[in-house]
Each structure stands twice: as structure tokens, then as C-alpha cells.
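**Student:** In the order they appear, the protein sequences are chains S and E. The opening residue of the first sequence carries number 9 in our numbering; numbering runs sequentially from there. The opening residue of the second sequence carries number 27 in our numbering; numbering runs sequentially from there.
Treat the hints loosely; a few may be bogus.
[What the hints assert, rightly or not] Computed list of lysine-lysine pairs in DSBU-like fashion (alpha-carbon distance at most 35 Å, straight line): (1) S/Lys140 <-> S/Lys247; (2) S/Lys94 <-> E/Lys141; (3) S/Lys247 <-> E/Lys162; (4) S/Lys286 <-> S/Lys140; (5) S/Lys286 <-> S/Lys130; (6) E/Lys137 <-> E/Lys162; (7) S/Lys130 <-> E/Lys162; (8) E/Lys137 <-> S/Lys95; (9) S/Lys286 <-> E/Lys137; (10) S/Lys247 <-> S/Lys286; (11) S/Lys130 <-> S/Lys140; (12) E/Lys141 <-> S/Lys140; (13) S/Lys95 <-> E/Lys162; (14) S/Lys247 <-> E/Lys141; (15) E/Lys137 <-> S/Lys247; (16) S/Lys286 <-> E/Lys162; (17) E/Lys141 <-> E/Lys162; (18) E/Lys141 <-> S/Lys286; (19) S/Lys95 <-> S/Lys286.
None of these hints come from the bench; they were simulated from the model. From a predicted model like this one, the values you see are computed outputs, not experimental measurements.
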Amino acid sequence: MIATLASALIDGLALSMLYFMIASGFSLIFGLEGIVNFAHGSLFMLGAFVSYEVVSYTGSFYLGLAAAGLSMAIIGALIESGLLRKKFGNEMAIIMITLGVMYVIHHGALIRYGAASSTYRKIPSYLQGTLKPGQLILNNYQLFIIVLGLIIAGAVFLFLNRTNVGLIVRAGIDDVDMARALGANTRRTFTLVFAIGSALAGLGGAASVGWIYASVDLGLSYLFFAFAIVVIGGLGSFKGTFYGSLLAGITHELFAYFIPFLAGPSLFILMAAILLFKPEGLAGGAKQ
Amino acid sequence: MKTLERHLKTHSSSLMIVALFFALIPLFSYFGLPYSDILTRIFIIAIYALSFDLLLGYTGLLNFGQSLFFGMGAYATAYTLNWGGMSFLIALIFSAAIGGLLGILLSIMVKRSFKGIPFTFFSLAFAMIVLSMYQKRLFQGISGGEGGLLLPVPGILRSIWALRVYEFGFLGLLTLALLFIIYRSTRGSSLYVRIGLMVGSSGIAAIVFYLVAQHLDHLAKAATYERLIPNSYYLALTVLVAVYFLARRIVSSPVGRVWQSIRENETRTGVIGYNPFNYKLMAVAVSGAIAGLAGGLYAPYLLTVSAANVFDPFLTIKALIFAVLGGLGTLKGAILGAGIILLLEHFLNPLIGEWTNILIGVLFIVIVFTMPRGIIGELMTTGGKSFREIIKEMVG
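Full structure from sequences and hints, please.
**Tutor:** Given below as C-alpha cells:
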């Protein structure tokens, strides 16, 4: 019982970190310019496949991760500066553009990969196998995802709280007009945030391949997960997104271990409950 | 009667021409099942797109779970046909009712965050909960599992009366010309006289038709498979036209005005004395009922109803694409958008396969930049000319 609970918790933590990697970028982008980026899930999925290709080609796991993050950062910056920038303030147009991008990536990936799901053929040996402290059985790869997620969370947290650019981001999330009036260049900052958010999504996708496999369906489902987590945590709140991811991931795995038929909808039930009883989200007081 | 006449005159001339065109084309051309098939699909999906535009274009609510209403409508039809053994028309009423009820339920649940992005997210959650429940083995009994629920094709859709009409489409054309002449030459006399004359002459034409049909019966028996036009084509077309005029009527009624006022400024609408919640509830319920009706019509077309093919989130995304491509808040736009995209898919898919969808995605982004108000929206304002004026010039 304890062993099952422990592995549920470890799986839940690992899932939380994947959730966090997709939701944090989504949340920052939404918080800063009020943009709902429908292409965000597709970047997660694309990151997974880029990393899969690079790893099969070069055999280097970390090169795959880096390539996924970097290429998604570039694609994100291109989407932002090439397509979105001209339509700022027009909510409907932004939704349409990101949906169009999502549509293109989704169907492009379908052409290349079809309905099959793929995983890394080769990962470092210390990421395979399990640790067995006492009665527990811990999967090395899940532990790796947890460590990676915590490092990224820490890095983003430091970026937001210890750098000047982070200060502008926080000011922009709080009140974008006031930040602009005080001379902060929120537009250029936003490009950077968009690129970082996309890179995080790509990294998350890359990390997920070794555990849940890369498939085209990931795009849409992880987009919806990001929606749910951002609502649970509070729209536009970074800390809320982190706690929201933890809550969502652990809840999902607890259900998966003990009440399997509720695992699938658990995230959406949580989201609906939050919207019903605490519409401002866990963090509270975030902007609508 | 005067209002009806004015209403028809101001709103419907161009659309009636289009509807008549589609009603008659199977009778006059070598049209056949392949085309009636895709057109039926377009009519049904257009009803669904229209329900989406009614909510987003007029009330400003983006429902990201619209496919839930559509899917439950399809399931409701499957249940009634399978278990109740009832007629298709009753099944359709059930479909619309369940769509409307779900809309009311959704509105009541989302009361505390009933606008903008929070509503979008909540409607998505609502739909995803049902979708993931329907995909579970536990609920296989009601969902039909992976393979879905098989449903019988209702009798009304199996018969093909158009088979006989096809043979004397020429007479139909003559009657139409006669009706048109009567309509033009009696201008100035009262509406009752004109309608009476037209109904009377149609009646005489129908009797002539019947006699000729008996004579030509042997021709009908020799008709080949390609010439059959199933009833579902006319059923879908009729429902589409009816739903369009109903929606048109609603959005220009006082209730529709309040919807548009909520879209523009909800707080002010509330201050004037309209309770925004009640009106938004109405909008979601009406939109849900229409989407449910579309789902009900679509079910026999699919033959099997499964969670994967009627709750598909891509159905919602596509409805959004249809409505925006044609022009949000125009109703006609949603129909046009559905037609364009589905025809593109239909004709390009055999040629370039999956690349069609990439093309649609790109087209979509291009539309946002080149005609941000959609096709109808742009046409309505081209060079100070209204859409109706352009059509009038075209048809004389």
C-alpha cells in the first residue's frame, strides 16, 4: 500500500513537471499580453518529435533535449514577431492565427508520423532501470523528469524575480499599460517571453518522449492540460501555475492508481470545480 | 402579414435564390449520389457552424465545447432510434432538446465566470469531462465503446422520391418560370392575391406532374444508381433553411438585440435593466439546441456514433474556422465558410491527401490578415456597396 502510494506520488510529481513545463510558458504569455496561444500544445508535440529525430540521428540524449528547446524558441519567436505582433489587441484575430498555426503543425506532424507513437531508442544507461530503496521501486527516468522540472522552475523563478527583464515581465503582467507608460519596452520583452515559453514547451515535449512516448495527439491534449492548469492556478500567476501543476499531476496519478476511470477527466473536474467555487484560481486575485 | 412581407423582402431574397438553386439542381443535372452526399454533409455541418456563430458572433461567447452539444445530439438520435424504435423526427426533437438542456446546465454551472476566456475554458472542461467519460470502458453500455453505436437508417431517409421527380425536372423548370411570371406581373396587388395565385398554379402543376409521372413510370424504373437523390439531401436542406430563418428572426428580435448589446458592453446592458445572465443562458441554450439538432441529423449519416467521431475537439475548432472565414456575426458567413472548407477538403483530399489540411491552416491565417471580417463581412462593405446590392446587380 505504502509502496503503491509512493510510486503514485513519484509518477504524479513527474507528470506535474511535464504539466508545469507546458503550462508555465502558456501562463506567462497569457499573463503578459492576454494571448491564448492555441499553438502551445503543438510546440510541445513538435519538441517531442524534434528531440526524437535528433536522438535517433545522433544518439545523444541531451543534444535532443537542447535541440528541441532551441528550435521551439526560434519557432516561437518567429510566430510572435511574424504573425502575432501586427494583431495585438485584437483577441479574435490572435485566437485565429494561433489556431491556424496549430492546425498546420498538427496536420504536418500527421503527414510525417501518422497515428504511431514513438520513443527514444537510446537513452543514457543511468536513466534506464529503477532505484530500489527499501520496498520502493522508483523509475530513474521519472526521477530525471522531476529534477529537470525543478531546475527549470527554479531558473524561471530566478529569471522573474532577480533580473531586470523579469521585473518588466512581472510589471507587465500586473498592469501592461502602466508598465509601458513608465517606459518599459513590453513588446520586446514579450517576444523574449514567447520564445522562452515555447522553449519550455519544447523541452517538456522532449522530456516526455522517454516516458509517455511522442504522438501527434499529445498536441491537443497537452494544450487542454495547459488550459486547465492555468485556470486551476489562477490566470496569469506564475506561482499559481506551479502549484496548479503539482495538484493536477498528483491528483491524476492518485486517481490512475486507485480509481482509474476518473483519471482521465480528473484534471477537467478540478478545473470545473475551481471555476465554480473559486474562479480566480488557487493563487487568487490574478487578473481575468 | 405586412411585417412578414417586409421581413421576407429585406432579408431573404438572395438567400432564397441560393436555397432554390440547391433544391432544384438535383432535378436538372446529372447530379447523382456522390454530390448529394457531400452537399448533405455540408448542409448539416453548416447548421452546426450556424449555431456556433449565433453564440460567438452575436453574444460574444466562445464556447470551446460546442462539439459536446453536437455529439450529445447525435447520441440522442442513436438512443431513440435504437432503443425506442421511434421515428426519426421524434429523435431530432430529442436531439435539439438535449442540446438545449445541456446549454442551460452549462450556463447555470458557469454562472460565476460567464464571460470571455473563463467561459471558454469552462465550456471546454465541461465537454472534456463528458468526452473522457464516454471513452471509458465503464460506460461502454451507453457510449458503444471504441466501435460506437450502430444505428438503423430511418425509413424516411431510405426512400428516394426525387427519383421520380428527376425524370421531369423540365416541367419543374416551367412551373418555376410560371410562378416567377405571376409574381412579377401581379406586383401592386395585395399579397393574399399573389400568394393565392401562386399556390393555385402550383397545385395545377402538381396534378399535371402526377399524370405525367404515371406515364413516365417505366423511365423511373430504369433510373441508374447515380441518379438517385436521397431524401436526406432535402431534409438537410430544409432544416438548414428553416434554422437560418429562425436564427435570423431571433437575432433581429428584442432578445437578439440584447445579445448584441451584451457582446458590446455587458456592464452597461446590466445597468439598463436587462439581466445579462438570463440572456446569456438563452443564447447558450438556443445555440446548444441548434447544435444538437445538427448532431441528430448527422447521426444516420455516420451510421455509427462513437465518442471519437462526434465529440472530437477538432469539430469545435472547425466550427470556429467556418464562422470566422465566412464572417462572424453574419449567419450567412458560417454557412458559406462550412461550404468552402468542406468542398476544398472534398476535392483536394483525393489529390493531395493530408496536405489539404495544411492548406486550410495557411488559408486561415491569410484570411485573418487580408479580410479580418470574413468573406461576407468584407463583401457587405466593399466600396460602400452592400452584399444585397451586389447580388441584385448580378441577378438583375
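**Student:** Compare the structure with each hint and give your call.
**Tutor:** A quick look at each hint next to the structure:
1. S/Lys140 <-> S/Lys247: Holds, at about 33 Å.
2. S/Lys94 <-> E/Lys141: Holds, because 25 Å separates the two Cα atoms, which is no more than 35 Å.
3. S/Lys247 <-> E/Lys162: With Cα atoms ~33 Å apart, lysine 247 of chain S and lysine 162 of chain E stay inside 35 Å; holds.
4. S/Lys286 <-> S/Lys140: violated, 41 Å
5. S/Lys286 <-> S/Lys130: violated, 45 Å
6. E/Lys137 <-> E/Lys162: Since the Cα atoms of lysine 137 of chain E and lysine 162 of chain E sit roughly 29 Å apart, the hinted pair holds (cutoff 35 Å).
7. S/Lys130 <-> E/Lys162: Distance of about 33 Å is within 35 Å: holds.
8. E/Lys137 <-> S/Lys95: holds, 31 Å
9. S/Lys286 <-> E/Lys137: holds, 12 Å
10. S/Lys247 <-> S/Lys286: holds, 17 Å
11. S/Lys130 <-> S/Lys140: Holds, at about 23 Å.
12. E/Lys141 <-> S/Lys140: Roughly 50 Å between the alpha carbons, so the hint for lysine 141 of chain E and lysine 140 of chain S is violated.
13. S/Lys95 <-> E/Lys162: violated, 41 Å
14. S/Lys247 <-> E/Lys141: holds, 24 Å
15. E/Lys137 <-> S/Lys247: The given pair, whose Cα atoms are some 27 Å apart, holds under the 35 Å limit.
16. S/Lys286 <-> E/Lys162: Judged against 35 Å, a Cα distance of about 29 Å means the pair holds.
17. E/Lys141 <-> E/Lys162: holds, 31 Å
18. E/Lys141 <-> S/Lys286: holds, 15 Å
19. S/Lys95 <-> S/Lys286: Cα-Cα ~32 Å, so holds.
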